[in-house]
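Colleague: These are the residues of each chain, in order.
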Amino acid sequence: MSMAIHPEFPLPDVDDPVMRPFWEGARRHQLLQQRDRLTGALHWPPKPLYWKGGERLEWIEVAGRGEVYTYVVGHEPFLPAFQDRLPHIMVVIQLDEGARIVGYMQNCTPEQMAFGMRVRVAFEDLTERVTLPIWEPDA
Amino acid sequence: MSATIDADLFRRIQDRVAIVGIGHLPFAKDIGRPISDTAVEAIQLALDDAGLEAEDVDGMCMFEMESTHEVSIARRLGVDGLRWWSKISYGGGAAAATIMQAAAAIATGLASTVVCHRARNRGSAASRPWAKEKEIVRDDKALHTPWGLIRPVDVIGMWAHRHMHEYGTTREHFGNVAIAARKHAHANPYAMMRGRPLDMETYLAGRVIGYPLHLYDCCLETDGALACVVTSVERARDLRQKMALVHSVAQASGPNPVHLANYNNTPDMVTTSVFCADLLWRRSQLQPKDMKCAQIYDAFTPLVITGLEDYGFCKRGEGGPFTEGGRIELGGELPVLTSGGGLSEAYVHGFNLILEGVRQIRGTSYNQVPECDATLVTGASGVATSAVVLRGE
Chain A
1 MSMAIHPEFP LPDVDDPVMR PFWEGARRHQ LLQQRDRLTG ALHWPPKPLY WKGGERLEWI
61 EVAGRGEVYT YVVGHEPFLP AFQDRLPHIM VVIQLDEGAR IVGYMQNCTP EQMAFGMRVR
121 VAFEDLTERV TLPIWEPDA
Chain B
1 MSATIDADLF RRIQDRVAIV GIGHLPFAKD IGRPISDTAV EAIQLALDDA GLEAEDVDGM
61 CMFEMESTHE VSIARRLGVD GLRWWSKISY GGGAAAATIM QAAAAIATGL ASTVVCHRAR
121 NRGSAASRPW AKEKEIVRDD KALHTPWGLI RPVDVIGMWA HRHMHEYGTT REHFGNVAIA
181 ARKHAHANPY AMMRGRPLDM ETYLAGRVIG YPLHLYDCCL ETDGALACVV TSVERARDLR
241 QKMALVHSVA QASGPNPVHL ANYNNTPDMV TTSVFCADLL WRRSQLQPKD MKCAQIYDAF
301 TPLVITGLED YGFCKRGEGG PFTEGGRIEL GGELPVLTSG GGLSEAYVHG FNLILEGVRQ
361 IRGTSYNQVP ECDATLVTGA SGVATSAVVL RGE
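Those protein sequences? They're chains A and B, same order as listed.
Here the first sequence stands for residues 1 to 139, numbered as in the numbering used here.
Here the second sequence stands for residues 1 to 393, numbered as in the numbering used here.
It is worth saying that the hints were derived from the structure and are not from the lab.
Any given hint could turn out to be false.
Stated by the list, open to error - Lysine-lysine pairs mimicking DSS-like chemistry, simulated, CA-CA at most 27 Å apart: (1) A:LYS52 to B:LYS141; (2) B:LYS315 to B:LYS289; (3) A:LYS47 to B:LYS141; (4) B:LYS289 to B:LYS183; (5) B:LYS242 to B:LYS315; (6) B:LYS292 to B:LYS242.
On a predicted model such as this, the values are computed, not experimentally measured, just so you know.
Full structure from sequences and hints, please.
Modeller: Structure, rendered in structure tokens:
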């Protein structure tokens with residue numbers, strides 16, 4: 001189900017030991033966040049698993065809902081990999097669980113964008129191994 | 001935060017170290033020479049300005065982003081031998097930190113005379129780091145780059161847009177910054193934008209790059225090479241230039257930083273500069289009200305507005321209105337970017353702002369602020385950053 005992506009698409013290192021659970025979750029179309037078992041606090045960006053002696057951290061699936069905290073709309077000159085997506089709406093989403101996470105929008109025009117707009121997560125399968133969590137209006 | 005800063009300890013540095021020489025090559029879109037060559041010439045010009053010889057130099061501080069090496073520069077320059085050197089990371093955050101580390105080395109006796117420099121060939125569009133992004137994205141960059149958020153204009157645009165939403169900051173406020181920088185550039189014979197006037201109508205008509213930021217919100221990628229010479233006050237007294245004393249200086253990352261995109265730093269998007277400003281003013285006997293002008297890092301116009309807030313010239317959210325009525329232009333309450341800055345003189349990771357700070361203290365700026373006895377020079381918000389307060393003797 002992966003689409004053909006531009007050869008220069010800036011794919012993430014999904015084998016990064018800290019981020020791997022996040023990327024594996026995305027591949028299953030789940031949005032994961034890291035939680036401190038002791039305090040219940042969510043950590044984003046995530047901390048290494050040996051943080052404070054280890055064993056405190058776990059990954060949980062979150063609701064995948066939030067609101068637009070801020071956004072920019074990219075125009076030329078832009079990365080070659082995104083040429084067919086311009087104007088490209090990049091967002092910082094405030095998750096309902098608290099973290100601010102970077103993404104981009106689909107099924108939305110720049111004119112529809114608004115601060116505080118409710119959004120829900122979607123998933124774009126880029127390659128066999130890489131799926132990006134992205135966002136769309138939660139109408 | 002920083003409750004343990006020991007003012008007595010900082011007094012080993014405060015007003016005991018000075019910038020005594022400055023130099024730079026003419027800025028250009030294509031300088032036509034490698035930075036291994038331009039860096040050495042810029043340092044030589046700074047030494048000439050100070051009345052010092054290469055043999056006097058025993059320390060060197062430069063940007064980590066340089067592709068040159070200390071020993072190579074020292075050899076070409078004719079330095080007998082380095083006994084202290086250091087490189088500072090985070091491009092736009094680094095300029096004042098070179099002064100801080102040089103000052104610390106001098107204050108502790110690890111070096112006696114240090115040259116700091118930035119040489120950079122980035123005028124060509126093909127040289128921009130973000131345009132080359134095609135490898136697998138690792139580490140912190142994986143938190144934003146895969147979604148296309150990599151151009152600095154977009155990463156900073158996120159902050160700028162939120163600031164507009166939260167505080168009512170307008171494009172006209174950003175325009176005030178661009179226009180002030182451009183006005184100041186007209187008196188500077190080295191400014192890239194000298195003789196190219198900018199009014200609000202033209203500013204507003206600039207094409208969109210990353211909404212809400214437009215063409216004239218962006219700095220000028222430039223080829224340049226700049227240097228300064230730092231030494232002890234005792235040594236400086238025997239030299240030819242009026243010294244620019246390092247009164248306070250600080251470097252800070254803030255908590256949880258992600259390069260440019262540390263949107264999770266604090267609940268209200270407090271930038272790295274807030275943490276740097278806190279250290280800077282705690283160490284300083286002078287305060288924002290004592291600054292006769294300020295060189296606020298300006299890769300993009302909104303950074304000046306948040307910088308004015310971060311460094312305490314106005315409250316959070318008031319940076320936009322602060323730019324109104326010519327307040328940040330020569331003759332105003334706080335002239336900002338008196339050389340034209342990164343927006344209209346040259347974008348060289350803010351090292352030109354250090355040189356302009358020194359000129360203001362010497363009384364030799366092309367836009368001299370009368371009786372300028374203290375000025376602030378800052379690095380970029382959003383990256384691990386630095387700032388310095390320079391004063392006259």
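Colleague: Of all the hints given earlier, name the ones this structure violates by number, lowest first.
Modeller: 5
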